[in-house]
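A.B. asks: This is what each chain is made of:
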Amino acid sequence: MATVARTMNIDQIYREEWGRVLATVIRMVGSFDLAEEAVQEAFTVAVEKWPAEGLPQNPRAWLVSTARHKAIDHLRRARRMELQEDDDLARTADSRSSLQKHSDESFLEESMRDQSGHHASMNHSSGNDERLSLIFTCCHPALAQESQVALTLRTLCGLTTEEIARAFLVPLPTMAQRLVRTKQKIRAAEIPYRVPDKRDLPDRLEAVMLVIYLVFNEGYAASSGDNLVRRELCQEAIRLGRILCELLPDDPAPRALLALMLLHDSRRSARTGPNNELVTLEEQNRTLWDRDEIHEGQALVEAVLRAGHRDEYAIQAAIALLHAQAETPAETDWPQIAGLYDLLCHVHPTPVVELNRAAAVGMARGPEKGLQLLDELAARGELEDYYLLPAARADLLRRAGRKSEAAAAYRSALVQVKSSPEKQYLERRLREMETEGS
Amino acid sequence: MKYLLLIYGNEAHWDTLKEPERMSIYKEYMDLSAEWGKSGKSLGGNELKPIATASTVRVRNGKRSVTDGPFAETKEQLGGYYLVEAKDLDEALELAAKIPSVRWGSIEVRPINPH
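So the protein lines, in turn, are chains A and B.
Residue 397 in the working numbering sits at position 397 of the first sequence, with consecutive numbering throughout.
Just remember that the working numbering sits 438 ahead of the position in the second sequence, which is counted from 1.
These aren't lab readings, by the way, just hints derived from the structure by calculation.
Given the structure is predicted, the values throughout are model-derived calculations rather than measurements.
Any given hint might turn out to be false.
Pairs of lysine-lysine residues, derived as DSS-like cross-links and limited to a Cα-Cα distance of at most 30 Å, are as follows [what the hints assert, rightly or not]:
1. B/Lys-501 <-> B/Lys-465
2. B/Lys-536 <-> A/Lys-185
3. B/Lys-479 <-> A/Lys-185
4. A/Lys-198 <-> B/Lys-487
5. A/Lys-183 <-> B/Lys-479
6. A/Lys-198 <-> B/Lys-479
Chain B on its own, in the form it takes in the complex:
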């Protein structure tokens, strides 16, 4: 079973961190990605650019509209993801609990619809 682990955190908080702190978090992420890559747990994952770079597209009545955002009004923003292979929800939750951001943000665990 595949699960998408969506990493939510507070961007404003991230911006207040000092360079050495950020570097150590990045290192944690790199180590984790390397470990999961080797064990085959991770099928991919990425960090996303800040929410200020996001755009939203809708088509209504055949007409396309593009807007800026979503805006960073909510407390936590989607900042990255992993796609993982786990035998059941318990294992997926266990993997999610290893993502560094889990300590200050939150991880949404979504099963992938298999077809």
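In isolation and in its complexed conformation, chain A is listed as follows:
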């Protein structure tokens, strides 16, 4: 039992400390690859030593210092190999690159000497937290978005390349190559390792938040793939959201995002039925909702709105909160939700937002009003291949009692739907329309 507890402890420390230790070591050695290898090795040593010798007093400091030693070992080995080559080549090797190695090493040794003082400050203040530099570097706009997402999961969350590949349904070599290329670009183009200037911060923060939200959505949308990995993605996104809040304590923006993710995630257990079929909000067993997440989300939304913050995340979080507060579907405050969707359409006008607004208006002001908005949206042709458009139409037609039209709309949604939980739901509704409607 004791060993099990200890191993679990190490897993937990890995999850919690990987990003922070790696971020610190990247700062020290100036290289993503070298730091990653060294931190990985430090954790390997920890797994061997800690169960026998017990946890060090300060596991993080231990990991940083072990990783630093590992990095120095790597540099020394590389230098020895180079010297060997120098001999072989009768010392014709480029002297400049040897000098470079020398200075790398003395730099490392210097930072090792002042480690005791450095660690003390590192443990207490999050002001020194290098994860902020790391996340802004990973989400630099000069990197492709899919690369931003992959590198953030690898470096900050410590997910393995294999786990990331599985989560995004990409072959392992493709994902490995994507990560290698991304790190190469950071090095070759000298993408800086720091928090952006005040002037650039809002834009850059938006990119970071979008990456976190993409990770969450990838996990939340049951579009395809392994459920377990997907649930983990949601948890990682929430963890990243928490880190961002912790790192930017005075900024409401990351709090709005965290609230939104918590409130969506609170419905996790209620969203799928015993056969993995989709259970809509209306039909969910609300006692399965995670009350802790709802309470935390509520406090965050209220603080964000009090601060006067009204971006798309804040408004969506407010909508999610109204749903979470209704103990039965009938108690849902649809007029206020429809009003928030009106606001969201101003702040963040996208066809998908308009689609949701039409559905909310249908609930608040009657199905016909919602159908009218959906028809306008369909006429613009922007959501042509999107199954949720006919699905939303079918839903409002069903509520309006127009059964044969509803059945036709369910059929066209079924042509476009891809994931099987959603397909099962639509098929069930179609059967209802056909049996009751004929």
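Chain A is already provided as a structure; the job is to place chain B on it using the hints.
C.D. replies: For chain B alone, kept in the frame of chain A given last:
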């Protein structure tokens, strides 16, 4: 770190501009070059002659071939460049955003391989 800022724009669009507009853009470029020259940011730069004057050389199996072009089929053509010194990519991007053509064309920012 040195970066090459490659200035892409639509030549056809440039040809439609009236003389006073062109003169004011040229002035902007001259001011920028003077400023960067003084501050040491720029290590050089030039405007290129139109793409119609370009030739492409290849040697395959020891045999040299020369062709006309590249042709101006793509939307944007390389029209000039600056070689700049910047402390990192962020500074290089900031410099690129000051080049007049950035407002209608685009600037490709390429780090120079140091050896």
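A.B. asks: What hints, given by number in increasing order, does this structure fail?
C.D. replies: 1, 4
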